[in-house]
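Based on the hints, put chain B in the right spot on chain A.
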Amino acid sequence: MAPLIRIAGALNEARVSDETAYFQRRQVLQALGLLAAGSLLPAAAAQSGPGQALSARRDGNPGKLKLTEEAAVTSYNNFYEFGLDKADPAKNAGRLKTAPWSVVIEGEVNKPGRYDLEDLLKGVELEERIYRMRCVEAWSMVIPWIGFPLASLIKRFEPTSKAKYVAFQTLHDPQQMPGQKPGFLGFSSLDWPYVEGLRMDEAMHPLTLLAVGLYGKTLLPQNGAPLRLVVPWKYGFKGIKSIVRIRFQESQPATSWNRSAPGEYGFYANVNPAVDHPRWSQARERRIYSGSLFGGVERIETLPFNGYAEQVAGLYAGLDLRRNY
Amino acid sequence: MNRELWVRRGLKPLLFVALSVPALWLVYGIVMADLGADPQKYLVHQTGKWALNSLWLTLAVTPLRRWSGIAQLLLVRRMLGLFAFFYACLHVTAYVTLYMQLDWATLLEDLTKRPYIIVGFAAFLGLWPLALTSTRAQMRRLGRRWQQLHRLVYPVAILVAVHFVWQVKSDLNQPLFYALLLGFLLAVRVYWQWPVRQSPIGSSRQVPAAEK
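As you go down the protein sequences, you meet chains A and B in turn.
Quick note, the first sequence lines up with residues 805 to 1129 if you use this note's numbering.
Quick note, the second sequence lines up with residues 1008 to 1219 if you use this note's numbering.
To be clear, the hints were calculated from the coordinates, so they are not data collected in a lab.
Warning: the hint list may mix true and false statements.
To be verified - Cβ-Cβ distance ranges computed for the label pairs, FRET-style: (1) B:L1012 <-> A:R1103: 49 to 57 Å; (2) A:L1107 <-> B:V1175: 24 to 32 Å; (3) A:S1064 <-> B:R1015: 46 to 54 Å; (4) B:W1111 <-> A:K959: 50 to 58 Å; (5) B:P1020 <-> A:G867: 52 to 60 Å.
Virtual Cβ for every residue (Gly too), placed ideally from N, Cα, C.
Extracted from the complex, chain A is given alone in its bound form:
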């Protein structure tokens, strides 16, 4: 991880040293004067629509991870609220109204209430985090998220000693999210709303991120705008999108995929090459870099805890990861 000190100034030449098109694009935008002063504030994530430029402390990418192209990150999504096909969310998510947006904080906290996203982001220092994202379907990407540690938000609401777990909920509105309507034979793909959860120590871990953007801009609806969870050592489905409710509680919360197929998806969902999904192997993954038919994808070994074992394995000491998958 990069040092947790914010570099003054939004953008300068030295920080635009990376070769990726992403930063070149920002440089061009800046040169053209298209990055309005107002959009450089973190609150821009709440005030303006999706795809607005965001300023954040950059991740130095010490692991030298090769990034997945932005076009792939924003066009290949599992977000069943907008359809089952990976291309559906990009097509159908446009009707999601992400502003105004509020989040209900409830349960075992001293400061419950309904908070406007703007207020949640007030004073928050955004940072870029380049993370591997490993889907339980055995494909993966590398994504430069922009967000802030979930821990910093949790502390502000002062959870009580009874708060052992954090439960999250996605917006439930079939008008905006057509995938929440039943299919033509009457089957729903999942029970709505989508719910997820973390143990308190997982939620407080410095790697756990609440993301508001990626690739230097606010999140597009298909990526979970305006606010989503990113837990890099867990399978992608733990990263709940378009969050409207955060609840602190004593008991382990229900999670959508576990409810749908308990034999296939557990509460923990830590990336684990040694424990196969009942229907496919998790030992390897297809790392998607771009939509190029030849060379866009690389087959690589999956790493324990998705490569973050050093930081997080300690959270699970003494836990049988074969049983608690």
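Just chain B, lined up with the frame of chain A:
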């Protein structure tokens, strides 16, 4: 109206074009590099879907013949079956080369451990004897046994339906729709085969002869 001419010169070329379009569309997508962020998986899914569609169409020929009274519909059946085989070959080739990138160790593991892969591969193997004996010469050579051999298409179709249902993560609408359709196509055959019933046209023994 000459029905045979209508089927041979009209319906058959039409179906040929209709079932070629998906493959050409994929080739166009490859050339234009416009198959989405995961073109490998897309090609596997699309070729699989069209193998399935072609096979279901093949199985629909006999019921349609009987209900419409147009016995000459049989003239398109072999072509439909060969389209199913064609797309199944593309499906397996795309899976092995593009999706698994010739990772033989994992492929072998899949073939021994993953039920939906095993079932799908069994269906693929089952299509081979059908495709290889689809020529007129083979029909003549095998005579009555040709008919018996080609009943293999029923278990193959059931395996295909299971393969489809089994690999779905959560949404069963589509695979169950196909499974119901197959159930119907097979159920009408069971109904007809009931000992007391006599078929008006297309008693099964006439089938090879009509394919001339």
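ask   = Is 24 to 32 Å a correct range for the gap between the Cβ atoms of L1107 (chain A) and V1175 (chain B)?
value = holds (28 Å)
request  = With respect to the beta-carbon atoms only, verify the hint that L1012 (chain B) and R1103 (chain A) lie 49 to 57 Å apart.
outcome  = Once the Cβ atoms are compared, 53 Å apart, the range 49 to 57 Å for R1103 (chain A) and L1012 (chain B) holds.
query = In this structure, is the beta-carbon distance linking W1111 (chain B) and K959 (chain A) contained in 50 to 58 Å?
reply = holds (51 Å)
ask   = If you check the beta carbons of S1064 (chain A) and R1015 (chain B), does the distance land in 46 to 54 Å?
value = Holds: the Cβ-Cβ distance is about 50 Å, inside 46 to 54 Å.
request  = Starting from the range 52 to 60 Å, see whether the pair P1020 (chain B) and G867 (chain A) falls in it by beta-carbon distance.
outcome  = Between P1020 (chain B) and G867 (chain A), where Cβ atoms are some 57 Å apart, the hint holds.
The structure shown violates none of the earlier numbered hints.
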